[in-house]
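J.: Sequence order for the protein chains is Y and V.
Heads up: the first sequence begins at 1 in this note's numbering, then just goes up one per residue.
Heads up: the second sequence begins at 1 in this note's numbering, then just goes up one per residue.
Derived from the structure by calculation, the hints contain no laboratory data.
The model shown is predicted, which means the values in this text are computed figures rather than measured ones.
Each residue gets a CB set at the ideal place from its N, CA and C atoms; glycine is no exception.
Heads up, some of the hints might be wrong.
[Said to hold, decoys possible] Quick look at which bits of chain Y chain V covers, simulated, 3 or more residues with Cβ under 8 Å:
1) 306–317
2) 606–616
3) 665–674
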Amino acid sequence: MQDPMAEIRATFFQECEEQLAALEAGLIAMESGASEAETVNAVFRAVHSMKGGAGIFSLDALVRFAHVFETALDKVRSGDLTATPRVVGIFLRAADVLADLVRAARDGGAVDEQRTAAMAAEFEHLDTPGDAVAPLAEDGVGSWEIVFSPRAELYAKANEAALLLRELGRLGEARVTLDTSRLPDLEAIDPEGAYLSWNISLQSDCDEAEIRNVFEFVEDDCELTISRAGVSGFAPGTVITGDNGFKFEFFAPMMEEEPEPEPAAIPATVQAEAAAEAPRNAVVEAIAAKAESATAVSATIRVDLDRVDRMIDLVGELVINEAMLSQRVMEAGIARASGVAMALEELEHLTREIQDSVMAIRAQPVRSVFQRMPRLVREVAAQTGKQVRLLTEGEGTEVDKTVIERISDPLTHMIRNAIDHGLETPEKRVAAGKPEEGTVKLTALHRSGRIVLEVADDGAGINRARVKQKAIENGVIGTDAQLTDDEIDNLIFLPGFSTAAKISDISGRGVGMDVVRQSVQALGGRISISSRPGLGSTFTLSLPLTLAVLDGMVVSARGHTLIIPLGAIVETLKPRGQDVFPLDRDTNLLALRGGYVPMVDVAASLGYCEELLEPEQGVALLVEGEGGVRAVLLVDAIHGQRQVVIKSLEANYRAVSGIAAATVMGDGRVALILDVDAVVRQARSEGNRVDAAAMEAS
Amino acid sequence: MGHEAGNRELIAFRVGRQEFCINVMMVREIRGWTGATELPRTPRYVKGVINLRGAVLPIVDLAQRLGLPGTEPTARNVIIVVQIGHQQIGLLVDAVSDILAASDAEIQVAPDLASDLVKNFVKGLLPVEGRMISLIALDNVLPASELEAA
Numbered sequence: 001m002q003d004p005m006a007e008i009r010a011t012f013f014q015e016c017e018e019q020l021a022a023l024e025a026g027l028i029a030m031e032s033g034a035s036e037a038e039t040v041n042a043v044f045r046a047v048h049s050m051k052g053g054a055g056i057f058s059l060d061a062l063v064r065f066a067h068v069f070e071t072a073l074d075k076v077r078s079g080d081l082t083a084t085p086r087v088v089g090i091f092l093r094a095a096d097v098l099a100d101l102v103r104a105a106r107d108g109g110a111v112d113e114q115r116t117a118a119m120a121a122e123f124e125h126l127d128t129p130g131d132a133v134a135p136l137a138e139d140g141v142g143s144w145e146i147v148f149s150p151r152a153e154l155y156a157k158a159n160e161a162a163l164l165l166r167e168l169g170r171l172g173e174a175r176v177t178l179d180t181s182r183l184p185d186l187e188a189i190d191p192e193g194a195y196l197s198w199n200i201s202l203q204s205d206c207d208e209a210e211i212r213n214v215f216e217f218v219e220d221d222c223e224l225t226i227s228r229a230g231v232s233g234f235a236p237g238t239v240i241t242g243d244n245g246f247k248f249e250f251f252a253p254m255m256e257e258e259p260e261p262e263p264a265a266i267p268a269t270v271q272a273e274a275a276a277e278a279p280r281n282a283v284v285e286a287i288a289a290k291a292e293s294a295t296a297v298s299a300t301i302r303v304d305l306d307r308v309d310r311m312i313d314l315v316g317e318l319v320i321n322e323a324m325l326s327q328r329v330m331e332a333g334i335a336r337a338s339g340v341a342m343a344l345e346e347l348e349h350l351t352r353e354i355q356d357s358v359m360a361i362r363a364q365p366v367r368s369v370f371q372r373m374p375r376l377v378r379e380v381a382a383q384t385g386k387q388v389r390l391l392t393e394g395e396g397t398e399v400d401k402t403v404i405e406r407i408s409d410p411l412t413h414m415i416r417n418a419i420d421h422g423l424e425t426p427e428k429r430v431a432a433g434k435p436e437e438g439t440v441k442l443t444a445l446h447r448s449g450r451i452v453l454e455v456a457d458d459g460a461g462i463n464r465a466r467v468k469q470k471a472i473e474n475g476v477i478g479t480d481a482q483l484t485d486d487e488i489d490n491l492i493f494l495p496g497f498s499t500a501a502k503i504s505d506i507s508g509r510g511v512g513m514d515v516v517r518q519s520v521q522a523l524g525g526r527i528s529i530s531s532r533p534g535l536g537s538t539f540t541l542s543l544p545l546t547l548a549v550l551d552g553m554v555v556s557a558r559g560h561t562l563i564i565p566l567g568a569i570v571e572t573l574k575p576r577g578q579d580v581f582p583l584d585r586d587t588n589l590l591a592l593r594g595g596y597v598p599m600v601d602v603a604a605s606l607g608y609c610e611e612l613l614e615p616e617q618g619v620a621l622l623v624e625g626e627g628g629v630r631a632v633l634l635v636d637a638i639h640g641q642r643q644v645v646i647k648s649l650e651a652n653y654r655a656v657s658g659i660a661a662a663t664v665m666g667d668g669r670v671a672l673i674l675d676v677d678a679v680v681r682q683a684r685s686e687g688n689r690v691d692a693a694a695m696e697a698s
Numbered sequence: 001m002g003h004e005a006g007n008r009e010l011i012a013f014r015v016g017r018q019e020f021c022i023n024v025m026m027v028r029e030i031r032g033w034t035g036a037t038e039l040p041r042t043p044r045y046v047k048g049v050i051n052l053r054g055a056v057l058p059i060v061d062l063a064q065r066l067g068l069p070g071t072e073p074t075a076r077n078v079i080i081v082v083q084i085g086h087q088q089i090g091l092l093v094d095a096v097s098d099i100l101a102a103s104d105a106e107i108q109v110a111p112d113l114a115s116d117l118v119k120n121f122v123k124g125l126l127p128v129e130g131r132m133i134s135l136i137a138l139d140n141v142l143p144a145s146e147l148e149a150a
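Bound conformation, chain V alone (with noise of 0.2 Å):
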């Protein structure tokens, strides 16, 4: 997927006092939050689903994902929605900061000390203005299963 010499384009959010990044051709679109569906036995990062012009769209509070304490989402959050395979899901941050091009290169390695939790999403630091931004993936955003949504 990678441009030439291995650039991407990134879109950075912020997570509470964090800033994290995907790579911006997984965006489909961002919205302002609306009220979601709370839906019965599921993990509390899931805040529901909302109606996406007739989907069914998942939110799926990231602070909370990454065990951060959970976000108490007003109209100023916001949804990044994202296309994981076949599904898309919604994204909730607290707000969209950054658009940024990176090298492979500038991309640093996470140290060994992270958690599990973290380890499983952040896939590298980027160094921007003093500021340090994770590049994270997002297949594992969504619970797998039943087993692990009980």
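Bound conformation, chain Y alone (with noise of 0.2 Å):
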């Protein structure tokens, strides 16, 4: 059982972050001058239900922290405080430390407690009127003095003072002078040396560390010294050194406008600001931490798939109501022209884009599935003794992540199968005059629309003399089959085909290439090889970069649409009466190109009907199953090509034999996806007589 307490807690947390967000926007508008009563309500409002919230869940230190931040705040709501930038200063760092705190509550861990009480102390200055009061000065626009003299060494380490000058400037506004006083005569210049340097004077809120950053990698090779303007307490060539071993030298002033020293005070003011340094420093911290899990949180996020395929689907609900829209106003006659059909016509295309936009949330690059890659390399080429190279490109190929989690299998074989078969061993490359290690060269890329995947090795190619005599032996092909080299190359896909002189453990039990081949067309994909004797074989798989999508035929048969995936088929055809050779009462024969293929009647075959249509009357679309296997089907008409969304029957009813999904067709009505394979197998099983003669066709 889970505690329910635990979900509401969670609930808290998350409303929490929003809070958080709101407490930061309305702070950073305030801070930008917006003061109207809604934006500090807005505010107050945030601090206010967190701190409820934390009530509840007896989180102490959040609540004691909210309480003091509310009463600041409420004291600005009442107008007894006004909104001084500094006061909203302090209010955006004390929604910092809250934030903190808030983090802290949920994931357990430990706050700076120093940090939380001296904000709270800060609060308590708030009602000090004038926001000059000194000790407070570190909170508003500050001023320092900062002077930067170059070392030759700074130069030589090709580091340009103008750079670190126009970087400084950056952070606030900086008012450059140029020191000469070291600039000797011209006789004496060495021409590497570094005779200038220059006295900045920079307005900004930032702290020492940011200015130090500027310095960063120079820092070795220059006097740099900076201080708070006004602040020269510290006697000239006085040295402090920080924690870090960075050391301040406080030079006698340069600068002829030298400000006024300041009354009595001031030494002071550098104790507290000395006292103040290490909590600053914190909240710097704080800031990149924060600054850092910002972006971490825009760069990506998690979401549960099922809201992504909510959403998914909710959108292909959009384009089909979109399409049948499009088609009533078509319909009602209004003419292209007019604003209502331009207006649809925009609407169109943007809910393409969210489609399309929808769609990108699940791609992801193949990246992960070629990481596994490498390691099965050494493995095979470990077990076969051969020596292999794993080249990759394109791994930032993006696809759909239904796909992604299929293609790692055909991938593996493809590869086995290249470094097994294809890959000589290192003798017989260096005999071949082919270095001793082979590559095998694995790349993804987008083409019309689909993921190309190829594996290319560097091997033999295929041995078609080979290939041919073992189809021939297994009676896959006649003994005076006319066969062209691709043909040839593309046997190695058919059921019980393996070529390997013996068979290994790696690939070649028959369960090769036809296994994939048959998991790669379940996915709507295709394959193919190419080969060039002696210089390597290329296999080439192609998928669609969604199985949420599918590209279809339309078809009808005896009044019922239907969807062919496109995958499936060869070509069309319009049959003629003298090919079509009845083998039985059932089943017609249809002579293609020298063999015979089994035609399958579709409504007949889904018990649409009982008789079946007269071959000249209809269409015949010719497809290739499972294992090659083809056979022609028919149907009434072709109404054209379609991208469909794919919807599952088995949601709300189950698997129906024949049919692979259902769609929403433009008409709001669903319309069923053929399976081809089914259909095919079952032609097969009904005339077992036409198998030897289908075999031979192909």
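Please dock the two separately framed chains into a single complex, following the hints provided.
T.: Set out below in structure tokens:
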């Protein structure tokens, strides 16, 4: 049993994140001058509701701080306190502290209590009238005096003083004065020496660490002093060594227009500042950490896949609805140039764009699959005693998550095959004048709306004579079959085909490439091989970018609209009467380029009707099912190609044999997607005698 | 699921000349008839599937399922979308007639004479103002397996 409180707690922290964001947004608005009651109220409410929630969960530290914060905000709300930049600055830092407290409460981490206390104490001084109160000057815009004197080494390391000064200018308003007092006479100048120094007076609310950061890479090659403007309490030559070993040296002021020394109160300020140094650094770190987590958040978010799928469903609906609306508008006889039609066109563009973006949410780079391959290559190489180098290209190619999960197996097979069958042994390679080490190149790329994966080896290529001989032995092709090189190469995808002279553990039990081909076709993909003797083979695997949509041919069979996956269709043709030969009562064969292919009447095969369609009345689609088995599907008419969104029948019903899935058409009606493999298989089992003839034909 | 004292709310509908009811908690929505896409190799009481906001919803002709003459649906027919376990299905009926509240005590046991088909579905009888309304269970409304379907 899950603790019901845990869920509420999780919700509370989620809300806290939202409140913190609202708080920060409100404070930033106030900082830039928005002082409307509504903004202040929103800020107050954010802190108040966090306090309330924290109370329920007895998060005392959080409650205490939120209370102090709330009290201060209330003063602003009631008008007792003006939201000056200084005050808002304090609030912003307080918001950071609050955020840390929330996170600590959530994740059980520790909080810098000193900082919390210091922050809370700062609220006490908010009432102090006037922003120029010395001890708090650091919170407003402050001024810094920086003396920067590069040494020759700085220039020798190709640093450029001007860039550093420009960088400094980004922190605030910088007034830069060049000090040329150390410049010697011309004859005494060392061309590689360093004689210039700069005095910078910087108006900025940044702290010392930020200034120091600018000089981070040159700090060893220059004299650098950083001090608060007017803080000249240190005698010239005073050296302060920081915890990090960084030295400040107080030179005698070199500027002509040196500010008037401040009254005696100053040293106290310096003390206070030094004391304040640690907590301030902590704040900076906190800000940095926050910025980091903020970028991390914006870079990736974790979303329940169900939610994304739901959104994809809805967008699919939107596309259908948009198509329906267009259809209705056209039916209503509204002119294409009318405002309605034009607005509708814009809607269509927008809808497509939304669909693309939503699909992109699920897209992932193939890197995760590619990363598993080097290890596989090492293992197979070790088992076969071959030397293999794996090159990969296009790891960043993105494809739908559902596809990613399913390309790993075929790729593994293809790579094994390439090493085991494709590459030669080192001795043979050397004998053939090739380097000992073979290369397998794995490439991913996008091509015409599909993802293409290539596995290329620089091995011996396919031994066509042996493949053909084997095919004849296995009865796959006739002894007198005339096949092109390409056709021979692709014979290796037929079931029970392995040309490896000896059966190895890696690949070659005859369950090799035909299994790959089956799983690829099940995904709506295609696989092919091209080979050049002596130079190697390339397997090309092409897959749809997503399994959520499918490219299909819309056909009708005795009044029923069906979708036939485009991936399965080899060609479409109009059968002629003289090419059709009845084999028995239910089976016709179609003569196709010298072979015979069984014809399947789709409507009859699905049981929609009893009598068969006259072949001449219909359109034939030559399809290829599992294992390269071909058949001709007979339908009444073809209505064109269409990308359809795949909908499951099982979700609310159950699997129906002969039907792969369903989709929703532009008119809002459901159309069924034909399971080509099942239909072809069924035709084969109904007429086993056809098999031999069919095999001959392919 | 029952409310206090076994009280439940039921939705009653007409199928042919009979009246049936189911627990209102099962009903997701009620909509008019739209043309269904016929499924191959399915029992005749499965009229086909329709698009319900992107989901594929099977439609069961309740009359035919209960062994009554099948419905020839028109625009005046009604589909009651019900939730059964993880699945949603649409029941094709003639019209929704009533919403009633009934306690367990008011529901009478169906007589033993009934056929197996009726026994499979009818869980009780509810007399309302001289009418007889059969309380039905929907667990077996869809074909259980390919075997039954074939």
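J.: How does the coverage statement for the stretch 665–674 of chain Y fare against chain V, requiring three or more residues with Cβ below 8 Å from a Cβ of that chain?
T.: holds (count 5)
J.: For the stretch 306–317 of chain Y, does the count of residues with a C-beta closer than 8 Å to a C-beta of chain V reach 3?
T.: Our answer is that it holds, as 4 residues pass the Cβ test (under 8 Å) against chain V, meeting three.
J.: If you look at each residue in the stretch 606–616 of chain Y, do at least three have a Cβ nearer than 8 Å to any Cβ of chain V?
T.: holds (count 3)
Every hint from the earlier list agrees with this structure, and none is contradicted.
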